[in-house]
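Those protein sequences? They're chains R and F, same order as listed.
Be aware that the first sequence starts at 1, since it is given in my numbering, and climbs by one per residue.
Be aware that the second sequence starts at 1, since it is given in my numbering, and climbs by one per residue.
For the record, the hints were derived by calculation from the structure and aren't laboratory data.
Quantities reported herein were computed from a predicted structural model and do not represent experimental measurements.
Accuracy of the hints is not assured; some may be wrong.
[To be verified] Below, a list of computed lysine-lysine pairs in the DSSO-like style, where the Cα atoms sit at most 30 Å apart:
#1 F/LYS145 x R/LYS100
#2 F/LYS58 x R/LYS229
#3 R/LYS104 x F/LYS144
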Amino acid sequence: MSKILVGLKRVVDYNVRVRVKPDGTGVVTDGVKMSINPFDEIALEEALRIKEKGGATEVIVVSIGPADTQQQLRTGLAMGADRAILVQADTAVEPLVAAKIFLKLIEKEAPQIVLLGKQGIDDDNSQTGQMLAALWQRPQATFASKIELDGPKAKVTREVDAGLETIEVDLPAVLTTDLRLNEPRYVKLPDIMKAKKKPLEVIALNTLGVDTTPQFKSLKFEAPASRQKGVMVKDVGELVAALKQKGLV
Amino acid sequence: MTKILIVAEHSGGKLNAATAKCVTCAAKIPDAEIAIAVFAADAGEVATQAAALAGVKKVIKIENAANAEPLAAVLAPQVAAIAANYTHVFGPSTTYGKDLMPRVAALLGVGQLSDIMAVESAYRFRRPVYAGNAIVTVEAPQDKKLVATVRAASFQAAGTGGNGTIESSSVTAELPTHTRFVTRSAAATGRPDLQTAARVVSGGRALGSADNFKIIFSLADKLKAGVGASRAAVDSGYAANELQVGQTGKIISPELYVAVGISGAIQHLTGIKDARTIVAINKDGEAPIFEIADIGLVGDLFTILPELEKALG
Ligand SMILES: Cc1cc2nc3c(=O)[nH]c(=O)nc-3n(C[C@H](O)[C@H](O)[C@H](O)COP(=O)(O)OP(=O)(O)OC[C@H]3O[C@@H](n4cnc5c(N)ncnc54)[C@H](O)[C@@H]3O)c2cc1C
Ligand SMILES: Nc1ncnc2c1ncn2[C@@H]1O[C@H](COP(=O)(O)O)[C@@H](O)[C@H]1O
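This is chain F alone, in the form it adopts within the complex:
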């Protein structure tokens, strides 16, 4: 019997969409029974959202003041304790899951499979390596618990309409105090979240300054799109670090991705390969971004973007 425990990611009382994507991944395993664990100071609302996901049998709330912030060192022993009754333990391949899940795996004495992009069977999966330049089919041993992270961009979010039960659990694991949360800064932009946005407009080094980068925001607003950036744009201080798209930034799968003044380095392309339609605007017709773009336009972004905004009405 395959029993899968998914570690929920949430903030501000909201379940992160990446959790619903883990459910879709888990549901591709035949006859899997899916449970979600919610670690929080107060898990109420999040547990309700998790229980409503189609395919979820049970939600386990682990409420503890120490769980108010997602500290891997604090959460990992609790996840490991709950995991005893499961064959698989999944988390999202977000910074939260990447930080937490390997610590869980090591506590359980097992390895981890990172970034599941496709399920072939309960113990056979496909995952990208070398920035997505190769896809490897990996087999895990059936006699060990399988700890894995799920590449969110490869799966649609599970729908609602589920009716899972919610139960509380307390964990007796000893929690360390050697790691303490200080602050988190996130710019509230009012724009669609980069990771879930249906459309994304990204700017690169060509923008030249934070001030010039505003034309990316402006086009994004016209398209009701989220905003992304290349590493060069982030490193140069034109855009915030959480906007970086790519191997070391966010891996996204929007319906529409517009790359403006981005050359198309492999590390950037890794982040956008699953976009439905890629539009590239670049003044260099030889730029590698055009090899992957569905629609390419060669020209100066500073003349094209204002025209495009006007044409979009």
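Pulled out of the complex, with its shape left as it was, chain R reads as follows:
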């Protein structure tokens, strides 16, 4: 039995233009479309492909979030995951806490691979996978654009600033996904029906024995400074003149 654990974070859909609440306490999420974090969809797709090629026997999707997160987990099940675990948390948890929660589940499930996204597009933290790997004392291969399994090892190509880097890690390991790893499949209607019958376990956060006290305090949210309104030019001549005026050419 070799399992893959996949993290699915519920986030504001990437197409939504996020706005700061007038009182500065956060961003507007009421009535806003929520989705699976795009990187996590890629993580799930990769896990499914690994399983389809015989590299794993079970794909488990995991989320830490409010009760509504069951929607995203059901979508994950419809994509093809075998079962789902929701660690129900009514307030957001920091990445270190998320990592500790994942570690608890790892102790129970003993997966060969943990696939997470490289970052949540809400807080843009990019921390959970690396922290989990540290706590688990296992390898990490972050920002993966290619994963090749070879028995007890994985060769992972990573998107780094300089270009592409390939590393080899012993399994079990934590892998985090970059955008070019794959293109996630679309969910088909019959699969949505089938997913309703798949197991979805809900675990109360306070039963895991993890200290969830946040370390950081968000004091206020603000809209970013807006740029000054620009000018439209008619043709290349005017463009060059405008650049000259700014001393840029």
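Given chain R's structure and the hints, the job is docking chain F with the ligands onto it.
Just chain F with the ligands now, kept in the frame of chain R:
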């Protein structure tokens, strides 16, 4: 006493400019004492460059054959060991720092503050969330070590003229062998590096092919600019992945950014908000890129670019 340890990023014997930007960020904290740690097989040249940065008190070299390549699993226990004497541990918000620093934080049993864009005090910072659509002021507890990454585009590089001391240190941390470096491929382009270039010309999906993308390179060369690309251009194979600009690519702050055939999706705009002047060339006058552009020109890039090159002489 605020003591800040900065983890240097370097390659090929050269200190990465992002490290000098971390120094500028650290120096904004009142009364901070700044040290830089250089992990390498041979740290000599890099340590010398680091010690010359204005404001750096001390450079610590940690030389070990295992440090020849920047593997987070290997470096993190060493950073954590050195960090004992510091109140803050900073790294750049590059792929190197993003990979390494959270692992360090977890080993130290603390959280991490990602992407510092402004310093308000030793424990209060501003950082972007939601692809830069909101800026949050965050307070960290004073009784814990603060591990953070620094958003390079928000800070100028520290100048030289510093005179820090250089010392060697050996770390007794046990280093794992479960993670091994295989290869790195980087196209040497001879063009200015995207992350530090004063000017950048970027192309989008509109270029249509890798062959057509050459007109972006050509304009860039005329302007002595670095080259960037939208995700769509990279995904379609017109440009290399390391050229991607945006939320999941590079966050840059050039003097001049020229966006050619790029619609201006939020994820792309996140990467260019700190550019001094943004020029947009797009055939669709309604494209969102024009909302952020300082100078906009509506038209077909395939006629505009050759004309522009000619006009630039
Ligand atoms: C999680 C996530 C992360 C992402 N991260 C990034 C990122 O880091 N960077 C990034 O860029 N994107 C990112 N994206 C993708 C982003 O949402 C857009 O899909 C992408 O930026 C679009 O690229 P584009 O502007 O080149 O293409 P399009 O949106 O297709 O725009 C092409 C533009 O070219 C114009 N055009 C067409 N023909 C011509 C012509 N002949 N002359 C002039 N103009 C012409 C069109 O009017 C159009 O505006 C991300 C998406 C997600 C979900
Ligand atoms: N609350 C959560 N539920 C499920 N997965 C999570 C959660 N938080 C983080 N993750 C995983 O960790 C990745 C990185 O998140 P972050 O460190 O917050 O940027 C995400 O892409 C998810 O795969």
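Hint check:
1. F/LYS145 x R/LYS100: Judged against 30 Å, a Cα distance of about 19 Å means the pair holds.
2. F/LYS58 x R/LYS229: Judged against 30 Å, a Cα distance of about 45 Å means the pair is violated.
3. R/LYS104 x F/LYS144: Status holds; Cα separation ~24 Å.
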